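K.L.:
Knowing the structure of chain S, use the given hints to seat chains Y, P and W with the ligands on it.
Which chain is which? The protein sequence lines are S, Y, P and W, in order. Residue numbers for the first sequence, in this note's numbering: 225 to 453. Residue numbers for the second sequence, in this note's numbering: 635 to 1374. Residue numbers for the third sequence, in this note's numbering: 146 to 224. Residue numbers for the fourth sequence, in this note's numbering: 146 to 224.
No lab work stands behind these hints, which were simulated from the structure alone. Heads up, some of the hints might be wrong.
[Said to hold, decoys possible] With a Cα cut of at most 25 Å, we get these calculated DMTMM-like pairs of lysine to aspartate or glutamate:
id, chain 1, residue 1, chain 2, residue 2
1, Y, LYS1087, Y, ASP1162
2, Y, LYS850, W, GLU176
3, P, LYS185, W, ASP180
4, Y, LYS1205, S, GLU433
5, W, LYS155, Y, ASP977
6, W, LYS208, Y, ASP776
7, Y, LYS666, Y, GLU1013
8, Y, LYS850, P, GLU188
9, Y, LYS1087, S, ASP395
10, Y, LYS850, Y, ASP1009
11, P, LYS185, Y, GLU789
12, W, LYS185, P, GLU176
13, W, LYS198, P, ASP224
14, P, LYS185, W, ASP179
15, Y, LYS666, Y, ASP977
16, S, LYS337, S, ASP260
17, P, LYS147, P, GLU205
18, S, LYS247, Y, ASP722
19, Y, LYS1030, Y, ASP1296
20, W, LYS155, P, ASP222
21, S, LYS337, Y, ASP1296
22, W, LYS208, Y, GLU789
23, S, LYS394, Y, ASP1356
24, Y, LYS1343, S, ASP395
25, W, LYS155, P, ASP224
26, P, LYS155, S, ASP374
27, P, LYS164, W, GLU176
28, Y, LYS778, Y, ASP814
29, P, LYS208, S, ASP374
30, P, LYS209, W, ASP180
31, Y, LYS850, Y, ASP776
32, S, LYS337, Y, GLU1055
33, P, LYS209, Y, ASP975
[To be verified] Some but not every residue of chain P turned toward chain W, in silico, with C-beta under 7 Å:
id, residue
34, MET146
35, ALA172
36, LEU173
37, TYR186
[Stated by the list, open to error] Facing chain S, a subset of chain Y residues (Cβ under 7 Å, in silico):
id, residue
38, GLY792
39, ASN796
40, GLY799
In this text the structure is predicted, and so the values were computed from the model without any measurement. We put the CB at the ideal spot given by N, CA and C, even for glycine.
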Amino acid sequence: MKSAVVTFPASNCDRDMFDGIEKVTGQKPHAIWHQDTEIPNVDLIALPGGFSFGDYLRCGAMAARSPAIRAILEHANRGGYVIGVCNGFQVLTEMGLLPGALMRNKSLKFVCKTVHLKVENATSAFTNAYAPGQVIDIPVAHHDGNYFADDATLAALEDNNQIAFRYVNKDGIATEDANPNGSQHNIAGILNERGNILGMMPHPERFVEDAQGGSDGRGFFESIINTLN
Amino acid sequence: MTETKWNNNPEITDDLVKEHGLSADERELMNKILGRTPTLTELGIFSVMWSEHCSYKSSKKHLKTLPTKAPWVIHGPGENAGVIDIGDNQAAIFKMESHNHPSYIEPYQGAATGVGGILRDVFTMGARPIANMNALRFGSPDHKKTRHLLSGVVEGIGGYGNCVGVPTVGGETNFHPSYDGNILVNAMAVGLADQDKIFLSAAAGVGNPVIYVGSKTGRDGIHGATMASAEFTEDSEEKRPTVQVGDPFTEKLLIEACIELMSTDMVVAIQDMGAAGLTSSSVEMASGGGVGFTLNLDMVPQREEHMTPYEMMLSESQERMLVVLKPDRVKEAEAIFHKWDLDFAVIGQITDSGNLTLKWQGDVVADIPTQPLADNSPEYDRPWVKTDAPDVINAKNVAAPNDIGAALLKIVGSPNLCSREWIWQQYDHQVMADTIQLPGGDAAVVRVHNTNKALAISTDCTPRYCYADPFEGGKQAVAETWRNVTAVGAQPMAITDCLNFGNPERPDIMGQFVGAIDGLREACTVLDYPVISGNVSLYNETNGTGIHPTPAIGGVGLLQDSSKMVTIAPKNDGEEIILIGETNGHIGCSEYLSVIEGREEGAPPPVDLHLEKKNGDFVRAQIQNGNVKACHDISDGGLFIALAEMTMASGKGMDISLNTGDIPMHAYGFGEDQARYVISTSCENAAAIMENAQKAGVRTEKIGTVGGKTLDVKDTFTISVDELLDAHASWMPNYMSSEV
Amino acid sequence: MKARVHITLKNGVLDPQGKAIQHALGALGFEGVDDVRQGKYIELDLSETDKDKAYANVEEMCKKLLSNMVIENYTIDID
Amino acid sequence: MKARVHITLKNGVLDPQGKAIQHALGALGFEGVDDVRQGKYIELDLSETDKDKAYANVEEMCKKLLSNMVIENYTIDID
Ligand SMILES: Nc1ncnc2c1ncn2[C@@H]1O[C@H](COP(=O)(O)OP(=O)(O)O)[C@@H](O)[C@H]1O
Ligand SMILES: [Mg+2]
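The shape of chain S in the complex, shown without the other chains (with noise of 0.2 Å):
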């Protein structure tokens, strides 16, 4: 699998990003720098996490606004996948990639700590290594993960089946209490209509070996590889 990573000022799990798809595929993505107007041809874009350009104003807002976007944009509409994780699940809000947006914790309090995760739909290109309903560990670190959209929006996500998890309790079940951040539907992630592009806020890529404390994170890479081939 070709993938590329992209590193905003500020960016901070860029490395973790490089480092977990290279343990999972074997192969080295290429690093995209916020300024570079051109990007090699790969099947995957991943936007790290972290705090691109402090996330003053709204996180992800000024990321969104790079030089590099441009070709990100190009490469997604060709059909190709792009993966947001965290902040660069906010920074595909910002584009208008994905519907809806990211709002401050219900807390208003910076939450790190493991959650369980449902996958809701298991055939998407970055799903397909779980099983449907099947229940995940993996880490979110965010402060801004509260997802938002109008009931429009809300019900056809969930028609078209783009929500790709939502967070749950250990026995599977969306409660209020299993959710980190207050988010609608206990969202988790989303995939866009086509199905190419998935925002999340949990991390995979700190979750790819079982010393991290878990491994639950290597399917989102094995499932585009399965798509691949």
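P.N.:
Structure of chains Y, P and W with the ligands alone, referenced to chain S:
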């Protein structure tokens, strides 16, 4: 210039000198060094350089007695941070520092800039920071400010550390009324570098350019360093000096830009601008290299208009560094900083004058020989009196509680022993993807990226012990970090310290300081665990009431094979539980006495350092040879708390049966005797451990097995794991969400 | 010239910060606070001297960066 | 009644957000932006009907919660 030209040559009156915190002797020495009276800018420079914070004038004499050397120490105290050899040409670089006073005035920014400052001390040496720790002390939970301070400090540490992308992996938090008017915020940073890429601050090369990089200079925190050296009074709360505001976004860019710069060979010397900003960085670089600096202050990037040289030299604006470059490399370096959108300005060059010469608008506004400024700084031998040793409390004279189980639940859920999850959940403790032991265990463990090695880190101090007996308390603080690092299976390597005390001009406080240093020295010597960096924070008092003496210690150890690491959680039902060490039921100064009896008295548990070493070396060897499933040291709250914590961490119960001899059960279970551990092990390995212990002369006792859903101590109590978890988890979130 | 921009959440968009402030005010004993909404206030110093041009320019900034049109409204005052 | 509260940083206090916005505007090609400062804007719906009382009440809220008096100023408009 205009008619309002700033006056750099006012009459240097007694009042002016006093306002700058200089004594009559210091003033005389200053005049002698200069050979004349100072300009205003010079007076400001002397004032900050000779403040307690920068000059260590009260503590120097005693600090010098600490052991700082070992074959694995590459740089000890004297650099921005200490450096140790961790093999394979790699080095671990670390330091701890206080930001107490600013955090009391503005908890968010005070704590945030504390994290920023300690990170700069580490990456200025060429290290990539890989872990942050924080040691926090707040006043009584009942004090009206505590909630606000705790919430602001934690948010500030998270706000800064999370953004720069360095995991905050651990720390410690205490509540005690002695911190009501003077909290302690001590931040530690650990970094990694290649040994052949370590950068120092001593400048060299006459004619080499001096470069300013980072953020622009504003009027932030002017006199911050002198503030950190003065006692608080009620009205310093009102004075509200200009608070420094941190910009973690810029810090992150600065880290990346500096690492990129240092991957080349252009850097001659580099130094962060910490306390006393441009003054201390330029003086340290010049005096350290035995050279002079000429700086043109008109070139300093400025955020505000009409800044005077005095303000520029004393500003504590954050996220700034000073770099001496090789002469022909300025363009290349500039390109790196521009790529990262950071200010870059050539502000001067190295001279052979030995003086710090400052020019501004065509005038020389200061001209100070740096060597005497740095080296002849005052050194006091302040009078001190030894703290009286308190009486040892005999456990038989402390009544047993009606219900030991209820007492355990109360202690597990008390402010000082309850879960700190509310705090660490606000810190990104996993960014960089190398955190292999999360907060909540004995030591945090982070892997050395792309290797099998890992560093174990712990910060510790038990202020109530230090207050009762500074010497024993000092020993204990060092021993506890050593024990925590050992308990995960690592070899303890070295410590950093952050010595927080009251007003050193009071002989009783100075006695606490001297006592604690004596304890530190003895512990470091016996445990072969040198001090490689640190910081002293004095005058931690409000209205004449000093804090408990708090020599916070940050210990670092090395795991050669990180797969050998253990945690405090037993793995399987049926594992055997073994108690290691001597249990004498030392109840004085214990959490039990404080929480259950409301008494803070008696001698703290003595630390037998040789026993400590013997027991710890034994435990580590057992972990290393794979005999151990889980390990936990015994500290605050004693054996029962250690067992409860292991139970909660694993969700598995335990059946315990204790042979207490003639020690009352409550003293046996809650006593805080030192040098002890609890381990769990498979039945097959238990015999080997017992046999090895016998050979090593280490006291071991099988006390039970893992299993079920309750913590059961025979003939004493049965408590379900859920009940323990509930008591443990609820205090802090409830406290923080309850009304003010 | 100076431009003052107010950025507020659209009606119907959840405002966790406003909610939390309202709750905290209640906990502090303030009564009669029926609703709280938090927005942003941005002041810009512009070298432009023509008021209309300044307005048009700032409006452009709002659309391109300062506000997220999916969830936010903006108002601009120039003086 | 409605109270509108503006919370701004005191003069001389570093404003990292404003600085970053200014920089981003420049990168997007906007010229002539000499300075940017970011503050908060809070709207409160109050059941109080007396203007002076409302003002006094909101001032108290600013001091106790809404503004950080060490680094911020506030202004209150009631209508
Ligand atoms: N308590 C201490 N123990 C050991 N070394 C100390 C202690 N306090 C300060 N030092 C050392 O003294 C030097 C100066 O400390 P400090 O002024 O805090 O550093 P910086 O100028 O980098 O902020 C450092 O090398 C530090 O490690
Ligand atoms: Mg330093």
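K.L.:
Next, verify each hint and record whether it holds.
P.N.:
Consistency of the hints with the structure:
no. : hint                     : verdict
1   : Y:LYS1087 with Y:ASP1162 : holds (21 Å)
2   : Y:LYS850 with W:GLU176   : holds (21 Å)
3   : P:LYS185 with W:ASP180   : holds (16 Å)
4   : Y:LYS1205 with S:GLU433  : holds (19 Å)
5   : W:LYS155 with Y:ASP977   : holds (24 Å)
6   : W:LYS208 with Y:ASP776   : holds (22 Å)
7   : Y:LYS666 with Y:GLU1013  : holds (17 Å)
8   : Y:LYS850 with P:GLU188   : holds (20 Å)
9   : Y:LYS1087 with S:ASP395  : violated (37 Å)
10  : Y:LYS850 with Y:ASP1009  : violated (30 Å)
11  : P:LYS185 with Y:GLU789   : holds (21 Å)
12  : W:LYS185 with P:GLU176   : holds (22 Å)
13  : W:LYS198 with P:ASP224   : violated (31 Å)
14  : P:LYS185 with W:ASP179   : holds (19 Å)
15  : Y:LYS666 with Y:ASP977   : violated (38 Å)
16  : S:LYS337 with S:ASP260   : violated (34 Å)
17  : P:LYS147 with P:GLU205   : holds (16 Å)
18  : S:LYS247 with Y:ASP722   : holds (23 Å)
19  : Y:LYS1030 with Y:ASP1296 : holds (10 Å)
20  : W:LYS155 with P:ASP222   : holds (21 Å)
21  : S:LYS337 with Y:ASP1296  : violated (45 Å)
22  : W:LYS208 with Y:GLU789   : holds (20 Å)
23  : S:LYS394 with Y:ASP1356  : holds (16 Å)
24  : Y:LYS1343 with S:ASP395  : holds (20 Å)
25  : W:LYS155 with P:ASP224   : holds (21 Å)
26  : P:LYS155 with S:ASP374   : holds (11 Å)
27  : P:LYS164 with W:GLU176   : violated (37 Å)
28  : Y:LYS778 with Y:ASP814   : holds (9 Å)
29  : P:LYS208 with S:ASP374   : holds (20 Å)
30  : P:LYS209 with W:ASP180   : holds (18 Å)
31  : Y:LYS850 with Y:ASP776   : violated (41 Å)
32  : S:LYS337 with Y:GLU1055  : holds (10 Å)
33  : P:LYS209 with Y:ASP975   : holds (21 Å)
34  : MET146                   : violated (10 Å)
35  : ALA172                   : violated (9 Å)
36  : LEU173                   : holds (6 Å)
37  : TYR186                   : holds (4 Å)
38  : GLY792                   : holds (5 Å)
39  : ASN796                   : holds (6 Å)
40  : GLY799                   : holds (2 Å)
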